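Number of protein chains: 2
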Amino acid sequence: MTKKEEKNIGITVKKSDDFSEWYTQAVTKSDLADYTSVSGCIALKPYSYEIWEKIKEVVDSKLKKLGVKNCYFPMFIPESLLQKEADHVEGFSPEVAWVTHGGDTKLGERLAVRPTSEAIMYDSYSKWIRSWRDLPLKLNQWNNVVRWEFKHPVVLLRTREFLWNEGHTAFATKEEAEKEIEQVMALYQDVCENYLALYGISGKKTESEKFAGAVYTKSIEYLLPSGKGVQGPDAHHDGQNFAKAYQIQFLDREEKKNYVWQNTWAITTRMIGVMIAVHGDDKGLVLPPRLAPIQAVIVPIYTASKKAEVMKAVDSAAKSLKKFSLEVDDRDYSPGWKFNEWEMKGVPVRIEIGPRDVEKNQAVIVRRDNGKKEFVPLKSLAAGVESTLEEIQKSLLAKSRKFLQDNIAEASAMKQLVDSIKAGKMARVFFCGNLKCEEEIKDKTGGATARCIPSDAKKGKCVLCGKEGQTTYFAKAY
Amino acid sequence: MTKKEEKNIGITVKKSDDFSEWYTQAVTKSDLADYTSVSGCIALKPYSYEIWEKIKEVVDSKLKKLGVKNCYFPMFIPESLLQKEADHVEGFSPEVAWVTHGGDTKLGERLAVRPTSEAIMYDSYSKWIRSWRDLPLKLNQWNNVVRWEFKHPVVLLRTREFLWNEGHTAFATKEEAEKEIEQVMALYQDVCENYLALYGISGKKTESEKFAGAVYTKSIEYLLPSGKGVQGPDAHHDGQNFAKAYQIQFLDREEKKNYVWQNTWAITTRMIGVMIAVHGDDKGLVLPPRLAPIQAVIVPIYTASKKAEVMKAVDSAAKSLKKFSLEVDDRDYSPGWKFNEWEMKGVPVRIEIGPRDVEKNQAVIVRRDNGKKEFVPLKSLAAGVESTLEEIQKSLLAKSRKFLQDNIAEASAMKQLVDSIKAGKMARVFFCGNLKCEEEIKDKTGGATARCIPSDAKKGKCVLCGKEGQTTYFAKAY
Chain A
1 MTKKEEKNIG ITVKKSDDFS EWYTQAVTKS DLADYTSVSG CIALKPYSYE
51 IWEKIKEVVD SKLKKLGVKN CYFPMFIPES LLQKEADHVE GFSPEVAWVT
101 HGGDTKLGER LAVRPTSEAI MYDSYSKWIR SWRDLPLKLN QWNNVVRWEF
151 KHPVVLLRTR EFLWNEGHTA FATKEEAEKE IEQVMALYQD VCENYLALYG
201 ISGKKTESEK FAGAVYTKSI EYLLPSGKGV QGPDAHHDGQ NFAKAYQIQF
251 LDREEKKNYV WQNTWAITTR MIGVMIAVHG DDKGLVLPPR LAPIQAVIVP
301 IYTASKKAEV MKAVDSAAKS LKKFSLEVDD RDYSPGWKFN EWEMKGVPVR
351 IEIGPRDVEK NQAVIVRRDN GKKEFVPLKS LAAGVESTLE EIQKSLLAKS
401 RKFLQDNIAE ASAMKQLVDS IKAGKMARVF FCGNLKCEEE IKDKTGGATA
451 RCIPSDAKKG KCVLCGKEGQ TTYFAKAY
Chain B
1 MTKKEEKNIG ITVKKSDDFS EWYTQAVTKS DLADYTSVSG CIALKPYSYE
51 IWEKIKEVVD SKLKKLGVKN CYFPMFIPES LLQKEADHVE GFSPEVAWVT
101 HGGDTKLGER LAVRPTSEAI MYDSYSKWIR SWRDLPLKLN QWNNVVRWEF
151 KHPVVLLRTR EFLWNEGHTA FATKEEAEKE IEQVMALYQD VCENYLALYG
201 ISGKKTESEK FAGAVYTKSI EYLLPSGKGV QGPDAHHDGQ NFAKAYQIQF
251 LDREEKKNYV WQNTWAITTR MIGVMIAVHG DDKGLVLPPR LAPIQAVIVP
301 IYTASKKAEV MKAVDSAAKS LKKFSLEVDD RDYSPGWKFN EWEMKGVPVR
351 IEIGPRDVEK NQAVIVRRDN GKKEFVPLKS LAAGVESTLE EIQKSLLAKS
401 RKFLQDNIAE ASAMKQLVDS IKAGKMARVF FCGNLKCEEE IKDKTGGATA
451 RCIPSDAKKG KCVLCGKEGQ TTYFAKAY
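From first to last, the protein sequence lines are chains A and B.
With this note's numbering, letter number 465 in the first sequence gets 465, and the count goes up by one each step, no holes.
With this note's numbering, letter number 283 in the second sequence gets 283, and the count goes up by one each step, no holes.
A couple of the hints might just be wrong.
Calculated cross-link-like contacts (lysine-lysine; reagent style BS3-like; alpha-carbon spacing at most 25 Å) [unchecked claim]:
| id | chain 1 | residue 1 | chain 2 | residue 2 |
| --- | --- | --- | --- | --- |
| 1 | A | K56 | B | K323 |
| 2 | A | K422 | A | K444 |
| 3 | A | K307 | A | K257 |
| 4 | A | K62 | B | K372 |
| 5 | B | K319 | A | K56 |
Calculated from the structure, these hints are not laboratory results.
Since the model is a prediction, treat every value here as computed from it, not as a measurement.
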């Protein structure tokens, strides 16, 4: 390792000074992901893909408990099929990547690369669903989608292709469908809080911000350190909109034809970006233990004469830590260089073992999130690591909750709203829900849009027009 | 359930009479997969997707033991990038689906929807690989690819989009790379034999049939009941071909610049089609127990007066079978109708429990593969199911081996070769490897191509020209 490489490894800006540069360096230098030759599309390197695999695994097992089954549909959607639901096509077609040729042959009809799969799935649903016996139909895909946005791409947070799950369910009744929306949103909230350690605001989107084709959209909203709001997982209740557009009907127990009631819901790789943005610090990533590809790293500290005895203790320590995802770093670098690298990569726990520790039959546990050191007897190292990981996991969620709460500003007048947005806060106001008011607020605040109406919304006079409204969060959208 | 529906469920042709129609009905009526509105693209319904998930899981865990890590690259490849390796682009561009527009905007450069990811991955490899410390680099993707073929599509066996894994590895030496080819082919063979219960011929492809851009290709070749050969999983040793085209160089321990040595390897959803085609019978699917989404189904048999006591025994039997993927079918249909349905879906073991069985504290185990019935005491039902599943798994592999061996014809002269191909056999000949001879054999046999040179090939005179050759298998390709 040359001096030059040693220097290059660190992040060169402070998170608070230049969030956007900090974020890009944190993601790329820690080996999470990289830009590619395709504009707006990134490579998820093993370090981020493993996080995604863990998110998938936990979401998937919880979905299966709700009776959801996985499947796979074509990623191409014939243009005529996409056009069947008017709002849906209007919402998505400006961002569709179009396939026009197969080899040298021009296709008879353009094919959309799926921005979402309602059109292609519901075309099949209309054939597959015949009677009440076929309901509920709860299918889910883990796949890739493309939305050809023209905004500046940001690794993980805004990319033209991303990975997600998309659940598409059909029910005999509105009640069943709406009940599922609550179940799935609770599932996503659970995963975001207890795995990604992210606290967000659960609520309903306003009319202008709901999903193209939905009756209503529920989501969890997050705030980035840059003061931008970002939408997390969401669930859309589609009523019978798509059922009517795609003719999905079933014979009920009385042999009467009815349209099904539908939902769609999703969580995307973008959430890894939110997680990095919220938890990271000037040294790099801070990963929640439950999703960290490496939960703990042992860094042996020795001079040549002490190497054998230190490594013996390290080996035995490693053996006692088999239940964790553990790395033993005995590479030929200085301990300080290794500390920096593992801190950059956000490994939750570092374990140091040096000659003095060997003498005392102890190890040092260092927490990534707050730097605190603790001496632990070697024989209770596993218990020490376990409880430290649990504490870090809890502490990150608490910190994320505090960050959001500290950055919510109550605003009862437009001036307060404008000032709060300028200060990078998420503003809580009363809002009438009128589209014109929403536009005017966006205009006056330099871009803030309604993020959501929280589930515990109260009634009050609209911050702009004074008409009856309800609690609504506003922020600039990412 | 109306009479009409009851009639519709079965397959209307015999496998031996019309394989192609039998196959389509077996796949679609058993709810494995369905055609969609996108020509040549299918929907993998939960029943087939679950089989794919099981294949993924076993392949993935074995790959991880070889040190392979998962990642995700963009599915779009800029045209200029695809063109860097001449043979590669020539092989794939006739089948590339091209994206030309993002929304209403014409793109500056066409984007290929990945037919395979060498181009996009190796472009990144050239940035990521700097020194011997970065090697070996062993990355894998589980993703979707598109090859816009113009042949008649067949559900699972030949579709324009399919799912696969694609491993792309880079080594410091040729020896390491070639060793990996053997490891990965052994891994695939293990999975195909011991999970899919498919016996194939492992060997090397001829020059004309190797992967576009590879130095050589190894594969496992299967024979369909229709007499067509079909290529299974494969591994390509690329030498330094792509390394030179994409400038993937590393500094070795002597600080000297070298090109890396590379491999790529894959298994696809097509193998589910091969598995169905080989094992199925006139009643429908016959699924190998290790991959079957439902391993056993209990069908209770009762009249109204006996229902309670039968269901009590069924419940207790089900409890003892928790380690299996079990279905209890107490729907309001006749036992015979249920038998047909579960046979159609290829569930390996059916368990019947009727009043007489309850009296005798027994159940009937019926094997899907050969229809054999066995009475088993209820208290040892779990052990009985377990051993039956194991026997079926073994028996299907043995049957597949016998099927292939019975359909291999030794041919020492052209007339024999032509006759063997006409009879739907796979022909074993000596072949010189000359492209002209290969073309002439194809011509004379009405389409047979070289499937592979087996690993135990012997030397002998070419069946066509009489020059020195080696053992080579020929068959019409699927």
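Check each numbered hint from earlier against the structure, then list the numbers of those it violates in ascending order. Violated: hints 3, 4 and 5.
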